[in-house]
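Assemble the whole structure, with the sequences as input and the hints as a guide.
2 protein chains.
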Amino acid sequence: MVNRNDKLAQFQASYLFLEITKRKEALLASCPEAKLISLGIGDTTEPIPAIISEAMERFASALATKRGYRGYGEPFGDPALREKIAENYPGIEPDEIFVSDGSKCDIGRLQLLFDEMTPVAVQDPSYPVYEIASLLYGKKEITFLPCLEENDFVPDFSLVKEGSLIYICNPNNPTGVALTKEQLSSVVKIAKERSSLIIYDSAYASYIRDNCPRSIYEIEGAKEVAIETASLSKMAGFTGIRLGWTVVPKEICFKDGSPLIKDWERIVSSLFNGASNIAQAGAAATLSAAGQKACRALQDRYLQNATLLKAALKSCGLTSVGGEHAPYLFVSFKGRSSWELFDELLEKAHLITTPGVGFGVSGESYLRLSAFGKKEEIEEAASHLKSHFLPLEFQRLKRSSILIEN
Amino acid sequence: MVNRNDKLAQFQASYLFLEITKRKEALLASCPEAKLISLGIGDTTEPIPAIISEAMERFASALATKRGYRGYGEPFGDPALREKIAENYPGIEPDEIFVSDGSKCDIGRLQLLFDEMTPVAVQDPSYPVYEIASLLYGKKEITFLPCLEENDFVPDFSLVKEGSLIYICNPNNPTGVALTKEQLSSVVKIAKERSSLIIYDSAYASYIRDNCPRSIYEIEGAKEVAIETASLSKMAGFTGIRLGWTVVPKEICFKDGSPLIKDWERIVSSLFNGASNIAQAGAAATLSAAGQKACRALQDRYLQNATLLKAALKSCGLTSVGGEHAPYLFVSFKGRSSWELFDELLEKAHLITTPGVGFGVSGESYLRLSAFGKKEEIEEAASHLKSHFLPLEFQRLKRSSILIEN
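If you read the sequences in order, they're chains A and B.
Here the first sequence is numbered in the working numbering, starting from 1 and rising by one per residue.
Here the second sequence is numbered in the working numbering, starting from 1 and rising by one per residue.
Simulated from the structure, these hints should not be mistaken for lab results.
Even glycine gets a Cβ: it sits at the ideal position worked out from N, Cα and C.
Careful, some of the hints might be misleading.
[As the list claims (entries may be wrong)] BS3-like cross-link-like pairs, simulated, lysine-lysine; straight-line CA separation at most 25 Å:
#	chain 1	residue 1	chain 2	residue 2
1	B	K140	A	K255
2	B	K35	A	K7
3	A	K255	A	K24
4	A	K181	A	K262
5	A	K139	B	K262
6	B	K250	B	K262
7	B	K255	A	K139
8	B	K262	A	K7
9	B	K255	B	K140
10	A	K66	B	K35
11	B	K139	A	K7
[To be verified] Ranges of calculated distance between the beta carbons of each label pair, as one might list FRET restraints:
#	chain 1	residue 1	chain 2	residue 2	range
12	A	E251	B	A290	33 to 41 Å
13	A	K255	B	A29	30 to 38 Å
14	A	R23	B	G68	25 to 33 Å
15	B	E218	A	Q292	47 to 55 Å
16	B	D300	A	G68	16 to 24 Å
17	A	E224	B	R58	45 to 53 Å
18	A	E224	B	D6	18 to 26 Å
19	A	P90	B	K255	34 to 42 Å
20	A	E33	B	G68	24 to 32 Å
21	A	E377	B	D6	45 to 53 Å
Next comes the structure, spelled out in structure tokens:
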């Protein structure tokens with residue numbers, strides 16, 4: 001038969017979240033009555049605001065009418081939507097916005113722009129797709145930038161090689177840490193000095209609640225060295241509806257002097273056919289003032305969940321980062337194995353988490369807890385965490401103090 | 001700056017349909033009052049059946065409720081939808097169905113499965129994305145299989161090299177010609193003999209109105225050597241809604257003996273996040289008995305348009321193929337240039353067509369006419385064609401005979 005792409009042979013293990021599903025299903029097979037609570041995959045659970053669902057209903061309904069039917073959309077997205085998106089970025093024009101069915105797909109497609117010899121730098125830990133996409137698309141050299149407790153989870157970007165792609169997820173998934181304006185300015189400076197290009201994933205930017213930048217384009221000069229991917233998945237609960245976009249400034253050029261945006265237009269028009277027009281109608285409603293207000297309330301609910309989990313962890317004497325500008329907590333268990341911890345919590349506390357090592361070697365001994373669950377479930381998860389981690393004698397003490405109180 | 005993927009440098013010209021848009025816009029700039037009729041891109045214009053829009057409305061509406069909200073779906077598609085799709089294929093299991101946002105995206109992603117040295121064979125003319133995707137993904141050798149008048153537009157598949165990917169679009173776009181069971185059986189035989197793999201694009205299969213196979217899996221043994229891509233774009237007017245699927249049988253193995261489906265699962269779960277759940281709800285309605293009946297009526301309207309155009313061409317003394325099992329007509333203009341014809345019809349008859357040469361060198365001297373327009377427009381287009389191509393004296397004669405009749 002035909003030859004396999006040998007880049008595929010290097011992927012022995014399954015994709016992180018499929019492996020988690022497998023272990024979850026194995027537990028349910030052996031213990032069918034277990035009521036598992038997910039703090040695992042960052043999957044949204046809150047209903048979307050009615051202003052968004054109604055826009056999609058209207059659009060879907062109109063598709064059955066002569067006046068409202070629409071066939072293929074513009075290849076790079078609805079012009080009005082591109083305009084609305086561009087308004088959120090300083091100095092970005094609508095024709096630099098490319099509407100997609102989500103960041104994950106564009107992170108793959110973007111790889112096609114670059115020569116296989118292009119070195120890649122990724123935060124360690126980080127969302128596994130940057131590394132997987134780089135390897136699948138034949139990139140030979142990946143530099144991992146450790147995000148550790150000792151550097152406050154802000155890596156040393158000066159490790160980046162000349163002519164690199166630098167993936168930055170900010171706020172970072174899994175650590176939940178957001179970079180400051182000064183930190184991002186120094187990355188932009190390094191990218192310029194090293195003739196490198198930043199691919200900036202802003203999937204969690206809407207959760208930033210202080211004055212950290214929400215877009216790389218808030219940094220001077222970033223338009224020459226940074227592509228930004230964005231998504232409504234976590235911003236507005238579009239994980240299943242599928243909508244995102246990629247910002248490709250005209251200023252970015254390849255080493256040969258050619259403008260990168262022209263190649264991107266070619267790739268997108270050749271290998272993609274636009275995001276679902278119903279999802280685009282939902283996106284337009286999301287970006288309206290009322291939509292943004294409703295989404296902010298939705299995000300705040302997840303952040304409240306994170307606060308709740310963080311407090312529970314603290315009461316168990318566990319330290320965590322994140323949870324303030326992203327609904328992820330990255331919990332430290334020094335000296336222990338992430339997968340062992342994962343299995344322990346799954347089997348004994350019926351909690352699904354994500355092993356930190358699944359996001360890179362520097363994530364070993366950590367677990368990522370996602371606060372995207374429903375409030376009732378998060379409350380229950382917090383109590384499971386306490387039952388599991390609080391020392392037995394402490395629990396006994398507490399129980400007897402309750403008995404005395406009663 | 002970073003290095004460009006040098007595979008991109010080979011694409012001088014723009015993507016076919018973007019070039020057509022450019023020329024159309026240039027005409028409208030110089031002649032703003034021109035009322036252009038499109039027989040160009042195969043874009044659907046008929047409203048979708050209400051049974052489909054209502055299913056999507058219900059789903060979208062429920063997303064704003066606690067009970068109806070859904071986050072990430074299953075990575076390979078909704079299990080009930082996969083089951084429903086599998087029922088349409090002899091011998092195919094639900095876990096061999098991968099729901100996507102359309103064939104075009106999967107045609108790109110499928111390339112990742114194969115080594116760069118894998119030879120590729122494509123019908124000439126054919127949908128340009130097979131060739132573009134092959135080149136973008138680094139394939140070095142493409143064999144073109146000419147579909148010519150002298151071979152009834154059925155190419156000589158014995159030209160296929162050992163270990164090839166064989167792209168087959170059936171019914172073919174742009175010729176509209178459907179292969180018979182015997183012809184497809186011989187391709188499957190050749191694929192087996194040559195250790196090759198068929199990528200079978202069935203985008204127009206629902207338009208087949210005789211007993212030609214609608215799926216490659218109607219051919220014995222095809223499960224070992226063929227992947228099939230399918231789409232609701234033309235079957236149900238989903239061009240803007242975006243939904244398709246790819247069938248990957250478990251039997252297919254690479255030369256190294258490993259099952260191809262495992263690598264495909266890895267690629268899909270790593271670089272894709274599922275089709276929009278609203279579009280999937282629409283797909284389930286489409287595949288119901290009532291949905292299929294309504295879609296058949298919709299397809300018949302486009303085929304009636306094709307009949308109308310075919311008659312107009314015939315009355316001008318022009319010969320065409322297609323239009324019977326696909327709403328495309330491939331019109332022969334021996335000795336003339338496709339782009340020259342395109343410009344002539346655009347400027348003089350205000351008709352947008354597609355130059356046959358845009359689908360491959362063997363398409364030179366042809367134009368593809370799409371019958372996916374609205375009936376009124378197709379009728380008007382037919383009359384423009386007649387005014388343009390009928391000899392002047394004949395028109396004069398006709399006009400005077402009408403005067404006499406009146």
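How the hints compare with the structure:
no.: 1; hint: K140/B <-> K255/A; verdict: 24 Å, holds
no.: 2; hint: K35/B <-> K7/A; verdict: 52 Å, violated
no.: 3; hint: K255/A <-> K24/A; verdict: 47 Å, violated
no.: 4; hint: K181/A <-> K262/A; verdict: 30 Å, violated
no.: 5; hint: K139/A <-> K262/B; verdict: 22 Å, holds
no.: 6; hint: K250/B <-> K262/B; verdict: 9 Å, holds
no.: 7; hint: K255/B <-> K139/A; verdict: 24 Å, holds
no.: 8; hint: K262/B <-> K7/A; verdict: 14 Å, holds
no.: 9; hint: K255/B <-> K140/B; verdict: 19 Å, holds
no.: 10; hint: K66/A <-> K35/B; verdict: 19 Å, holds
no.: 11; hint: K139/B <-> K7/A; verdict: 15 Å, holds
no.: 12; hint: E251/A <-> A290/B: 33 to 41 Å; verdict: 53 Å, violated
no.: 13; hint: K255/A <-> A29/B: 30 to 38 Å; verdict: 35 Å, holds
no.: 14; hint: R23/A <-> G68/B: 25 to 33 Å; verdict: 29 Å, holds
no.: 15; hint: E218/B <-> Q292/A: 47 to 55 Å; verdict: 52 Å, holds
no.: 16; hint: D300/B <-> G68/A: 16 to 24 Å; verdict: 22 Å, holds
no.: 17; hint: E224/A <-> R58/B: 45 to 53 Å; verdict: 47 Å, holds
no.: 18; hint: E224/A <-> D6/B: 18 to 26 Å; verdict: 22 Å, holds
no.: 19; hint: P90/A <-> K255/B: 34 to 42 Å; verdict: 52 Å, violated
no.: 20; hint: E33/A <-> G68/B: 24 to 32 Å; verdict: 27 Å, holds
no.: 21; hint: E377/A <-> D6/B: 45 to 53 Å; verdict: 51 Å, holds
In summary, the numbered hints that this structure violates are 2, 3, 4, 12, 19.
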